[in-house]
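Engineer: Protein sequences appear in the order of chains L and A. First residue of the first sequence? That's 1 in my numbering, and the numbers climb one at a time after it. First residue of the second sequence? That's 1 in my numbering, and the numbers climb one at a time after it.
Please keep in mind that the hints were generated in silico from the structure rather than gathered at the bench. Do not rely on the hints blindly, as some may be mistaken.
With a cut-off of at most 16 Å between alpha-carbon atoms, the simulated EDC-like pairs for lysine to aspartate or glutamate come out as follows [what the hints assert, rightly or not]:
no.: 1; chain 1: A; residue 1: Lys27; chain 2: A; residue 2: Asp57
no.: 2; chain 1: L; residue 1: Lys164; chain 2: L; residue 2: Asp120
no.: 3; chain 1: A; residue 1: Lys116; chain 2: L; residue 2: Asp145
no.: 4; chain 1: L; residue 1: Lys90; chain 2: L; residue 2: Asp120
no.: 5; chain 1: A; residue 1: Lys43; chain 2: A; residue 2: Glu17
no.: 6; chain 1: A; residue 1: Lys81; chain 2: A; residue 2: Glu64
no.: 7; chain 1: A; residue 1: Lys233; chain 2: L; residue 2: Glu73
no.: 8; chain 1: L; residue 1: Lys164; chain 2: L; residue 2: Asp91
no.: 9; chain 1: A; residue 1: Lys27; chain 2: A; residue 2: Asp58
no.: 10; chain 1: A; residue 1: Lys233; chain 2: L; residue 2: Glu72
no.: 11; chain 1: A; residue 1: Lys266; chain 2: A; residue 2: Glu208
no.: 12; chain 1: L; residue 1: Lys270; chain 2: L; residue 2: Asp19
no.: 13; chain 1: A; residue 1: Lys235; chain 2: L; residue 2: Glu72
no.: 14; chain 1: A; residue 1: Lys233; chain 2: L; residue 2: Asp145
no.: 15; chain 1: A; residue 1: Lys235; chain 2: L; residue 2: Asp145
no.: 16; chain 1: A; residue 1: Lys76; chain 2: A; residue 2: Asp22
no.: 17; chain 1: L; residue 1: Lys39; chain 2: L; residue 2: Glu68
no.: 18; chain 1: L; residue 1: Lys199; chain 2: L; residue 2: Glu263
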Amino acid sequence: MISNSEAPSFIFQGVKIIDTFAEAFPITGTRVIVTAVSKEWAFIAANTATGHASSVIGCDTEAGIERELSPEETPDGRPGFSLLFFAFSKDSLQKAIVARVGQSILTCPTTACYNGVAIDPLRSIQIGGMLRFFGDGYQTSKLLDGKRYWRIPVMDGEFVCEDKFGTVKGVAGGNILILGTTQNLALQAASRGVAAARKVPDVILPFPGGVVRSGSKVGSKYKKLKASTNEAYCPTLRAISNSQLDANVSAVYEIVIDGFSREAVEAAMKNALFAACGEGVECISAGNYGGKLGPVHIRLSSLIS
Amino acid sequence: MIRLSYVSNSKVPLEAESIKPDLFIGKSNSEISKLPVFDGNRKCELGQFFSISGTMDDDFILIENDCANVKLIGSKMTRGKIEVLGNVGMHLGAGISGGSIVVRGSATDWVGAEMKGGTIEILGDAGHLIGAAYRGASVGMRGGNIIVHGNCGNEVGSHMRRGLIAIGKNVGDFVGMGMIAGTIITAGSVGIRAGAEMKRGTLVFLTEKPALLPTFRFSCNYDPSFLTIYFNKLKQFNFPLSTVNSPWSRYCGDLISIGLGEILCKA
Numbered sequence: 001m002i003s004n005s006e007a008p009s010f011i012f013q014g015v016k017i018i019d020t021f022a023e024a025f026p027i028t029g030t031r032v033i034v035t036a037v038s039k040e041w042a043f044i045a046a047n048t049a050t051g052h053a054s055s056v057i058g059c060d061t062e063a064g065i066e067r068e069l070s071p072e073e074t075p076d077g078r079p080g081f082s083l084l085f086f087a088f089s090k091d092s093l094q095k096a097i098v099a100r101v102g103q104s105i106l107t108c109p110t111t112a113c114y115n116g117v118a119i120d121p122l123r124s125i126q127i128g129g130m131l132r133f134f135g136d137g138y139q140t141s142k143l144l145d146g147k148r149y150w151r152i153p154v155m156d157g158e159f160v161c162e163d164k165f166g167t168v169k170g171v172a173g174g175n176i177l178i179l180g181t182t183q184n185l186a187l188q189a190a191s192r193g194v195a196a197a198r199k200v201p202d203v204i205l206p207f208p209g210g211v212v213r214s215g216s217k218v219g220s221k222y223k224k225l226k227a228s229t230n231e232a233y234c235p236t237l238r239a240i241s242n243s244q245l246d247a248n249v250s251a252v253y254e255i256v257i258d259g260f261s262r263e264a265v266e267a268a269m270k271n272a273l274f275a276a277c278g279e280g281v282e283c284i285s286a287g288n289y290g291g292k293l294g295p296v297h298i299r300l301s302s303l304i305s
Numbered sequence: 001m002i003r004l005s006y007v008s009n010s011k012v013p014l015e016a017e018s019i020k021p022d023l024f025i026g027k028s029n030s031e032i033s034k035l036p037v038f039d040g041n042r043k044c045e046l047g048q049f050f051s052i053s054g055t056m057d058d059d060f061i062l063i064e065n066d067c068a069n070v071k072l073i074g075s076k077m078t079r080g081k082i083e084v085l086g087n088v089g090m091h092l093g094a095g096i097s098g099g100s101i102v103v104r105g106s107a108t109d110w111v112g113a114e115m116k117g118g119t120i121e122i123l124g125d126a127g128h129l130i131g132a133a134y135r136g137a138s139v140g141m142r143g144g145n146i147i148v149h150g151n152c153g154n155e156v157g158s159h160m161r162r163g164l165i166a167i168g169k170n171v172g173d174f175v176g177m178g179m180i181a182g183t184i185i186t187a188g189s190v191g192i193r194a195g196a197e198m199k200r201g202t203l204v205f206l207t208e209k210p211a212l213l214p215t216f217r218f219s220c221n222y223d224p225s226f227l228t229i230y231f232n233k234l235k236q237f238n239f240p241l242s243t244v245n246s247p248w249s250r251y252c253g254d255l256i257s258i259g260l261g262e263i264l265c266k267a
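Build out the structure end to end from the sequences listed, making use of the hints.
Structural biologist: What follows is the structure in structure tokens.
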């Protein structure tokens, strides 16, 4: 393996950028709009529904909060958040969202749930139409302008959930790797990158706080594992592994980006890369698996040019 | 746009079921003038009662002059737009499944009866049995929107199955009678026996609670978030929503039926 010190690179804003690519893959996604009586309760529902959703390696979906919505932007005129969910297929996406809305949004006081993507009948998934059975026969629906809204009686009134949600073919796994001289400076750079990436619409950063510290490689010495730690980027293993790290690198953080389109993911990666460059950042690279994982290759050099 | 000007002085109601974009499209004005209408029970041609100008190039029919004696305008239409600058007669848009009709004057009875889709907007008043089922039929309006900015008569939404009826001013007796589902919103006063025998569906009264039948039972005061979706829809029509206020009182009924209908009014 060629280490980062030997790999082709160029300098951007004083930081070495490895001339490599992020290896992303197609994925099915949707947008869920959650509202509640206050921004605080809407956030609780949004945050809970998108928990344990960092990677499809170990979760049923990759999910995150896209942005906060003002009352003027939501269907029922209340504060809300837009959430993006991604899974490998339409069916698995429906299954994951039904479970998450059912357990984390339906249960949360005053909430309601709406579709945030244009509906193509051939690619839609049913959410409210599956959850309605919780109403045990007391559920009712309203059909307005071709959209059906289910009203499920609950103990604080009723839970409103749109029947069908549209889906789009998106891109998951866009990423950059930030190699820092100290853990603190690397984390500061990653935080800047996260904030900048989140300004792009149609994307989420599904990992905690938008940052990954446990970058993985495909496979493991243990047969049951689909993925395992990427020892080439673990500073503690530099002396005993085929390390990609120079001696002055003490911490590596990854920013992973999923989006509704390649363009959105590229824009978010570009924002993250530009913002991350700064003090204590030795190098910026990207995670790829030699083309074995996905067909969408986003070169770091293309983001800068 | 094609322009029809009603030029007849006949006192006999004219049944003009052929006035709809579906039958006009692809025809020349002379062909359109030969479309059949009924003057009483006498079969005539459209051109005997309307002067026709313009061309049917954009699915839009504009009707001028007072057509209060002309029935069935736009009935069973599926597409396009009809705008009437004056009043219209009975059965306006009955059975339509698509397109839109705007009446700048008033209409009479059976507007949108048994309609399946599309939108009918009346800037003036309308008569009885708006969106209702015809006598002997079990199901009335099955979809679409009827917006009346003025007053309406009795039995509005009778046996409606789906769709939205919004009335800007007062409505008569038996609104939502036998309603199977759907939504009726009224901004003015409401007559007696609202929702009689309704099975499901929603009656929303933006004013104080009217006298309800004893077979409607109070459930709670609450803030139904789905109403905002309807109010946002009605804002597109400049519907009077100044009195909208939460919380709302919910009454369930009609308990002589299955009781899954609701009346929402100001708490």
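Engineer: Next step is simple, just say for each hint if it's right about the structure.
Structural biologist: Cross-check of the supplied hints:
1. Lys27(A) x Asp57(A): 10 Å, holds
2. Lys164(L) x Asp120(L): 10 Å, holds
3. Lys116(A) x Asp145(L): The given pair, whose Cα atoms are some 12 Å apart, holds under the 16 Å limit.
4. Lys90(L) x Asp120(L): 12 Å, holds
5. Lys43(A) x Glu17(A): 12 Å, holds
6. Lys81(A) x Glu64(A): Holds. Lysine 81(A) to glutamate 64(A) sits at ~14 Å (cutoff 16 Å).
7. Lys233(A) x Glu73(L): Judged against 16 Å, a Cα distance of about 14 Å means the pair holds.
8. Lys164(L) x Asp91(L): Distance ~13 Å between lysine 164(L) and aspartate 91(L) Cα, so the pair holds.
9. Lys27(A) x Asp58(A): It holds: about 12 Å lies between the C-alpha atoms, which stays within 16 Å.
10. Lys233(A) x Glu72(L): Roughly 14 Å separates the two Cα atoms, so the pair holds.
11. Lys266(A) x Glu208(A): 6 Å, holds
12. Lys270(L) x Asp19(L): 14 Å, holds
13. Lys235(A) x Glu72(L): Status holds; Cα separation ~13 Å.
14. Lys233(A) x Asp145(L): With a Cα-Cα distance of about 9 Å, the restraint between lysine 233(A) and aspartate 145(L) holds, given a limit of 16 Å.
15. Lys235(A) x Asp145(L): 14 Å, holds
16. Lys76(A) x Asp22(A): The hint holds at about 9 Å.
17. Lys39(L) x Glu68(L): 9 Å, holds
18. Lys199(L) x Glu263(L): With Cα atoms ~14 Å apart, lysine 199(L) and glutamate 263(L) stay inside 16 Å; holds.
Every hint, counting from the list given before, is met by this structure.
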